[in-house]
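There are 2 protein chains.
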Amino acid sequence: MSRFPTRHRPQSRWARHPVARYFPILQWAGDYDRDSLTSDAVAAVIVTIMLIPQSLAYALLAGLPPEMGLYASILPLVAYAIFGTSRALAVGPVAVISLMTAAAVGNMALEGTAEYAMAAITLAFMSGLILTLMGLFRLGFLANFLSHPVIAGFITASGLLIAASQIGTILGISGGGHSMVELLRNLVTNLSQMNPITLVIGVTTTAFLFWVRKGLKPLLIQSGLRPRLADLLAKAGPVAAVAVTTLATWAFGLADRGVAIVGSIPSGLPPLTLPSFGVDIWGQLFVSALLISVIGFVESVSVAQTLAARKRQRIDPDQELVGLGTANIASALSGGYPVTGGFARSVVNYDAGAETPAAGAFTAIGIMLAALLLTPLLHFLPKATLAATIIVAVLSLVDLTILKRSWDYSRIDFAAVATTIAITLGLGVEMGVSAGVILSLALFLYKTSRPHVAEVGLVPGTQHFRNILRHKVETHPALVTLRIDESLYFANARFLEDYVTARVSCDQPIRHVILMCSAVNEIDMSALESLEAINARLRDMGIKLHLSEVKGPVMDRLKRSHFLDALTGQVFLSQYDAMLALTPTVMRGQA
Amino acid sequence: MSRFPTRHRPQSRWARHPVARYFPILQWAGDYDRDSLTSDAVAAVIVTIMLIPQSLAYALLAGLPPEMGLYASILPLVAYAIFGTSRALAVGPVAVISLMTAAAVGNMALEGTAEYAMAAITLAFMSGLILTLMGLFRLGFLANFLSHPVIAGFITASGLLIAASQIGTILGISGGGHSMVELLRNLVTNLSQMNPITLVIGVTTTAFLFWVRKGLKPLLIQSGLRPRLADLLAKAGPVAAVAVTTLATWAFGLADRGVAIVGSIPSGLPPLTLPSFGVDIWGQLFVSALLISVIGFVESVSVAQTLAARKRQRIDPDQELVGLGTANIASALSGGYPVTGGFARSVVNYDAGAETPAAGAFTAIGIMLAALLLTPLLHFLPKATLAATIIVAVLSLVDLTILKRSWDYSRIDFAAVATTIAITLGLGVEMGVSAGVILSLALFLYKTSRPHVAEVGLVPGTQHFRNILRHKVETHPALVTLRIDESLYFANARFLEDYVTARVSCDQPIRHVILMCSAVNEIDMSALESLEAINARLRDMGIKLHLSEVKGPVMDRLKRSHFLDALTGQVFLSQYDAMLALTPTVMRGQA
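Chains as they are written, first to last, in our numbering: chain A, 62 to 652; chain B, 62 to 652.
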């Protein structure tokens with residue numbers, strides 16, 4: 062495939078070129094051969110079959126015309142194949158991002174209008190720009206500020222919101238909402254609109270899909286199929302449901318009896334679209350675009366890392382940002398809406414044997430063919446069928462055990478999970494994830510502002526010092542050693558002042574205070590002033606202040622200040638040295 | 062003075078009663094005697110003389126009628142005397158808070174209107190409520206999130222802004238602004254309004270006050286006065302300037318020649334006022350009230366602590382919040398505006414011999430007498446004289462050396478100082494202090510998200526381990542010890558994963574990785590998942606993961622998870638134990 066001679070089999074000449082870092086396709090395209098082609102093509106066929114109903118369903122979830130889901134599954138996949146670093150990630154519309162799109166765009170325009178679709182396209186473009194810029198400026202670490210409890214809580218709550226939003230469709234009730242309260246109120250208020258035939262289609266399809274997932278696979282394995290193949294066949298369940306319910310609706314004329322159908326989907330290639338560049342719309346969508354970018358990236362990168370680890374491959378998170386960013390820009394330019402890497406379809410892609418991102422490009426061809434040829438057949442597809450596929454898909458996202466697990470591990474993590482779930486359900490996705498992030502940061506800052514300080518003594522027979530309350534250790538009445546279990550910075554500087562003053566003020570024999578700094582990773586300027594204040598206060602009481610086990614970077618900085626000149630005591634390399642040096646002095650002093 | 066018999070001389074019965082914690086007056090009122098009364102009264106006279114021109118000047122700085130400055134110096138002092146814990150703090154209107162009041166209220170109403178004054182009263186009430194609630198809920202630690210560099214930068218920039226705002230008054234130019242750009246533009250645009258007589262009064266007074274401060278004091282000391290008395294006399298300079306310029310303005314009819322004067326100040330006791338309780342006005346003022354509360358508290362508490370330390374007394378920061386809060390509520394109920402403890406006047410109070418908060422109550426009587434009797438005499442007081450006293454007072458707040466000092470110590474602290482100064486000057490006080498706080502927190506989070514990790518080895522002849530790059534240490538090829546210099550939490554969990562993977566993936570002989578956790582003060586749930594991922598990844602590579610020197614609280618938590626069951630290696634009490642245990646194994650393995 063490569064027009065450059067390959068010297069070492071697994072690495073083409075371009076693969077080591079610096080430019081390959083920004084075009085990961087160069088790292089594998091040179092070695093692409095017939096075997097890889099076959100594997101990728103097989104995977105692409107399976108993912109295509111899975112992706113067609115999903116694309117339609119998620120577009121409807123986002124409040125968009127179904128064809129936009131197909132468009133979002135064509136060019137974005139090609140862009141990711143060029144710029145992405147994961148070999149198994151399958152990008153396209155996903156449930157949570159579709160829900161977030163609906164929440165963001167729903168504030169700005171009425172569903173079904175051209176403005177609504179334009180806002181979604183603009184959202185994809187902005188999100189693409191944000192992701193690409195984050196990648197180029199290597200800001201991928203920002204995603205780390207979404208803690209695991211916040212993500213887990215957010216995904217669970219989003220799954221519940223999505224499922225609740227689809228119940229209306231299954232009942233044949235229109236309307237919706239962005240929070241659980243709105244959704245339930247809409248259901249109750251409009252229950253009289255319920256369409257019994259839609260209900261039958263929806264409930265039957267949901268039950269069928271659950272059975273396919275839980276019952277069919279074991280059955281197929283019992284009948285001799287390999288587990289992997291059985292799994293893949295079970296994944297085709299939605300396609301069967303789509304085919305059967307569409308046929309039934311057409312044959313029995315159910316659309317005339319009130320069953321909501323997808324209707325006419327324009328056939329053809331994705332249109333060329335341009336986002337809106339209005340200052341107003343960008344201002345209104347910015348926060349949403351940022352949240353969608355970060356949530357999409359975090360979800361996608363964790364799937365990519367999990368799958369890469371299985372084959373001992375590595376992905377580059379910053380380049381992943383560029384891959385997802387260009388995918389979103391491609392989506393905006395071809396009539397799509399925000400996309401990211403999907404968990405279920407990536408696993409299918411991986412299990413089906415995808416070897417390179419080319420599988421994604423082949424999937425794009427499959428969806429393109431569907432958009433060209435298949436759409437007339439989908440006219441009579443009931444919306445309730447798509448709602449059923451969504452419900453079955455998202456309920457696997459819901460994991461309420463995270464509440465119990467976080468409670469057992471730490472109350473702070475539990476608070477983050479519970480708050481994120483409660484606010485996402487109560488006030489919607491954007492408030493939920495924002496509250497989660499802000500709360501986790503606030504709790505972290507709160508914790509570091511009240512650091513753990515342990516008084517330590519020598520573990521007998523060693524040179525090791527531990528907490529006097531937890532271990533049997535040796536101490537000396539004239540010597541207090543305080544191990545500060547936190548970096549010293551502005552938020553806890555005053556705390557330390559108070560702590561040291563309180564500790565020494567009621568204890569007469571103390572002559573030396575040693576601050577053991579093995580856990581002090583930074584001393585900022587505010588903390589330096591506090592140390593100076595402590596030093597001065599102790600000096601007035603006739604007590605010397607010493608430091609021990611100060612880390613290199615911290616010591617470098619202290620040497621640049623005047624603190625060491627004023628320090629009444631010494632700085633010891635190790636706490637043991639400090640004990641050896643100070644204990645005899647003290648004894649002579651007492652003698 | 063007390064109607065309760067005192068058992069121990071320095072502590073009355075009420076002083077130990079639990080209720081005394083909330084009414085610090087009980088801690089000293091029982092022992093109050095004639096000596097204390099004399100000392101406090103002398104101090105009160107001196108502070109009163111200093112406070113009269115300051116109260117008028119700061120009220121004008123806040124854009125309020127001058128009598129509101131007097132009102133803010135009466136009841137608030139009584140409230141603080143009852144609820145405050147500092148024995149020397151003198152509360153009342155101060156320069157920075159007056160500037161912040163002008164900025165907050167200036168957004169809502171036109172200067173000179175009744176709405177403007179009402180907004181200032183409401184601001185004092187809200188600030189009082191916020192402070193009192195923070196005190197009752199013991200939220201004083203929140204003030205610690207204002208780092209020293211941010212405060213220093215903010216005070217310096219505020220001093221410059223205030224001085225610039227007063228230049229207009231000295232030139233006889235009306236109008237102003239809330240940022241340096243607005244102020245300078247106003248000066249340049251309206252330069253033609255300049256009144257030469259006002260200029261002469263302003264410049265002469267400024268020069269006189271600077272001379273009093275720098276020149277008079279040495280002169281008085283030379284002529285035999287005690288330094289302390291000379292200092293106090295020099296503090297009376299503004300009163301002399303007020304008297305002379307008022308007389309001159311009256312005698313020469315300068316008010317008719319364009320010199321702006323204070324004009325009629327109503328005589329009488331402070332009026333009883335109620336704040337506005339409109340939802341709108343509370344919403345608009347909330348952020349301002351919060352900022353004023355926190356800045357006022359931080360300034361006040363640091364003065365109080367400095368003065369308390371000189372006499373080995375302690376103040377209670379949470380009760381200080383209540384003291385300042387009730388002072389502000391008292392101010393709002395008696396026609397005043399936000400107050401806090403002032404640096405200069407507290408030092409004067411202390412130096413003049415104030416022994417108890419009763420000195421503040423006596424000062425209140427002094428100011429009350431001034432409000433009753435003195436105001437007609439102040440009719441012809443030129444505003445330029447007050448502007449001169451403000452300029453001389455605030456220039457002592459300006460300390461640009463903080464830029465150099467923070468640059469030398471740490472770039473992060475410098476960034477906080479420089480940003481706070483630049484944004485305060487450029488966009489005003491509220492944006493300035495908010496930007497400073499947000500930036501310091503963001504930089505702290507950024508730093509902790511990329512922790513320092515050191516590979517360590519044994520310092521020969523000890524049991525102590527240090528960085529292999531900084532010290533001559535012993536290591537073993539099959540053993541890598543990484544000391545993580547930060548708590549492990551969501552923001553840096555992934556960083557550690559990447560770091561460990563990168564370190565071991567290119568180094569074949571490694572059989573054991575030890576994470577030395579002496580500086581790890583927390584492992585949150587996100588970090589636990591990362592440790593599990595690291596453990597699994599290393600296991601697949603045939604490498605065991607060990608932990609050493611895990612702190613008690615961290616170990617307790619790990620024991621509540623499943624991590625220790627899955628851990629391929631062990632947890633060692635000390636790093637030395639780990640080395641002893643693993644090195645022979647490794648050697649046998651290699652033999």
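Treat each hint with caution, since some may be false.
Here are some, though not all, of the chain A residues that point toward chain B, as calculated from beta-carbon distances under 7 Å [unchecked claim]:
| id | residue |
| --- | --- |
| 1 | N205 |
| 2 | Q283 |
| 3 | S284 |
| 4 | S510 |
| 5 | A580 |
| 6 | S587 |
| 7 | K620 |
| 8 | R621 |
| 9 | F624 |
Derived from the structure by calculation, the hints contain no laboratory data. Glycine included, every Cβ here is placed at the ideal spot set by N, Cα and C.
Evaluation of the provided hints:
| no. | hint | in the structure |
| --- | --- | --- |
| 1 | N205 | 5 Å, holds |
| 2 | Q283 | 32 Å, violated |
| 3 | S284 | 34 Å, violated |
| 4 | S510 | 6 Å, holds |
| 5 | A580 | 4 Å, holds |
| 6 | S587 | 4 Å, holds |
| 7 | K620 | 11 Å, violated |
| 8 | R621 | 6 Å, holds |
| 9 | F624 | 10 Å, violated |
Checked against the numbered hints given earlier, the structure breaks hints 2, 3, 7, 9 and satisfies all the rest.
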